[in-house]
Amino acid sequence: MRRYWLCAFTLFASASWADLPSDPLGSPLWAYNIERYLGQEVTVVVDERVGLSVPDFAEDSTQVPLAVNLREFPHKVNKVVTWVDMNPVPHLFTANSTDGQLKLVSLNFRVQQASSVRAAVLDEQGVWHIDSGYVDAAGGGCTAPREVLSNSDWESEFGTLKSGLFSDRGNTRIKASLLHPMDSGMVGNVPAFFVGDVEVRNESSDNLLLTMTLAESAAENPMFVFEFEGGIPHLSIHMKDNNGYQFEGAIGEASP
Amino acid sequence: MSRLRSHHRNIAWLVAVLFWALAFSSGTGASGKSYSLEATPVAEGVWVVVGSTDNFSKANGGNILNTGFIETGEGVVVIDTGPSRRYGEEFRALIESHTSEPIVKVLITHHHPDHAFGSQAFEPNTLYMLDESASLLEQDGEAFSDNMYRMIGDWMRGTEVTVPMNRVQPGLLSLGNRQLRLIAMQGHTGADLVVLDETSGALFASDMVFFNRALTTPQTPGVALWRSEIRQLAQLPFSLVVPGHGPVIRDDRAFLQMIDYLTWLDDVLAGSAARGLSASEVIDTAIPERFSEVEGARYELVRTVSHLYADYEKRALNRH
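Just so you know, the sequences run in chain order A and B. Numbered by my numbering, the letters in the first sequence go through residues 1 to 256 in order. Numbered by my numbering, the letters in the second sequence go through residues 1 to 320 in order.
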């Protein structure tokens, strides 16, 4: 009986979406996760210029690097959504580029088993551009105990924020690393404890450059890289976790 | 009721048959796989068994390393036991077909599975390892084993992690007509044994040296330390070098390639961190033309970035 329901569901999911392009990787979760994270009846195109980059295999299933390099992307970037199809909770992050000047976003993630990975970018006309990658993995990254527990002085190290400002071909790049367990709530007896919100501001104008929400696929000790178009001498980054801890730092010539 | 009973009896028979099948199939060679090992004489009384320079695969069964053995006149010294019980058993038979001397010492150079997982085939009281390597094998062995079953599958049948019961001390080991110099290093895993046969000049460098095969970094304490130890190895009075992976070589080219490659890796990681690159960008770094003969360079760069880049990144950032 359950099988019939599953078939009916699959038929429904594919029938409701006549103009969805076919998945270049043939994953059974293509339509389902697009609908889940981008919405129903959205316009989707497959577009390599989104520049998603993931390794072919996960050397460490708890720390897999991902970058979305938008330098070749010809449109304004309104929003970037990434997810890992086969993870228990696939969502990795949603980044809102408030002025459309985002050129690169990078964050490490966990992988529970070999999986396709997606980056979807919303342009100024409301079209979603999707690029895909595939990571082979021994897996278990989402339900592995955190590494920080094996480190006896983790409480004194907790919340350490390090950052750097870099310029590359006229663009401004910020890199920030936070020591945080990022417990997803999927490990037995370990409640969810993770950074959910990130903001980057232009310190001089106080303009918001980027807001980002993180989800369960984000790795322990996140390492963020953001690149924005043009020169920005002073930036600040601000993060908040679900227990109310806040982490912030000013970056640039003004930083102490 | 009687129907149920006969059902139970059938199950009992099925279980018995399964056990019987399992008991017979767990013997080695049951599936007809063979490593077809060959011993190449490289000096008087010194043999090397050369493996491929590929990654672990179900096609090669993990025969991707070099092992060796040395006749001393008072017994054979074996260097490393291979990736699986099956390899160990074939290796032992190969040794016994080349010499009538008994195997007296089996030196396991480090705790990585391709070097230490054939040990079951040898007498437990002949197995030796550095103290620190034995601790690492205790700690990591089961995880390595799981991964090996995943990568080479049936070749691993019957293989269990075997931690050598004896410890080896660095220094001179005189046995029969041989003088072996045992050297403890750290560059590859934190505890790496190198064996120089001073009598023939054969240097069993193990995984301190890779030649025409990209070096692997999962446990290295750092590429700078590794590079300084390669410089020490190059000073030894050797006549030939047996790398852990790659062809046997009779000059210092393997050392020069190691130093060049480690320097390049260090520069790539430090330079990328200074530019603020993400790990995803670093794994796409162009590999210089001069390393075109180094097998697996791209694959190992992806792994190395995963192992080492985060430390380089953190050093390039400022604390708030």
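Note that these hints are calculated values from the structure, not bench results. Careful: at least some of the hints might be erroneous.
Said to hold, decoys possible - With a Cα cut of at most 27 angstroms, we get these calculated DSS-like pairs of lysine-lysine: (1) Lys162/A to Lys314/B; (2) Lys162/A to Lys240/A; (3) Lys33/B to Lys240/A; (4) Lys240/A to Lys79/A; (5) Lys162/A to Lys79/A; (6) Lys58/B to Lys33/B.
To be verified - If you want a taste of the chain A side facing chain B, the calculated C-beta under 10 angstroms gives, among others: (7) Val42; (8) Ser53; (9) Asn108.
What you are looking at is a predicted structure, and each value in this text was computed from that prediction instead of being measured. Where a beta carbon is used, it is the ideal one built from N, C-alpha and C, also for glycine.
Quick rundown of the hints versus the structure:
With a CA separation close to 7 angstroms, the supplied pair Lys162/A and Lys314/B stays within the 27 angstroms bound. Distance hint between Lys162/A and Lys240/A is fulfilled; the C-alpha atoms sit about 15 angstroms from each other, no more than 27 angstroms. Straight-line distance between C-alpha atoms of Lys33/B and Lys240/A comes to about 56 angstroms, which puts the hinted pair past the 27 angstroms bound. Proposed proximity of Lys240/A and Lys79/A is supported: the alpha carbons are some 20 angstroms apart, at most 27 angstroms.
Of the pairs offered as hints, the one joining Lys162/A and Lys79/A holds, with about 26 angstroms between alpha carbons and a cut-off of 27 angstroms not exceeded. Between Lys58/B and Lys33/B the CA atoms are separated by roughly 11 angstroms; this keeps the pair inside 27 angstroms, and the hint holds. With a least beta-carbon distance of about 27 angstroms to chain B, the hint placing Val42/A at the interface is violated under the 10 angstroms criterion. Taken as an interface hint, Ser53/A checks out: its beta carbon lies about 4 angstroms from the nearest beta carbon of chain B, inside 10 angstroms.
Interface restraint check: Asn108/A against chain B, minimum CB-CB distance 7 angstroms, threshold 10 angstroms, status holds.
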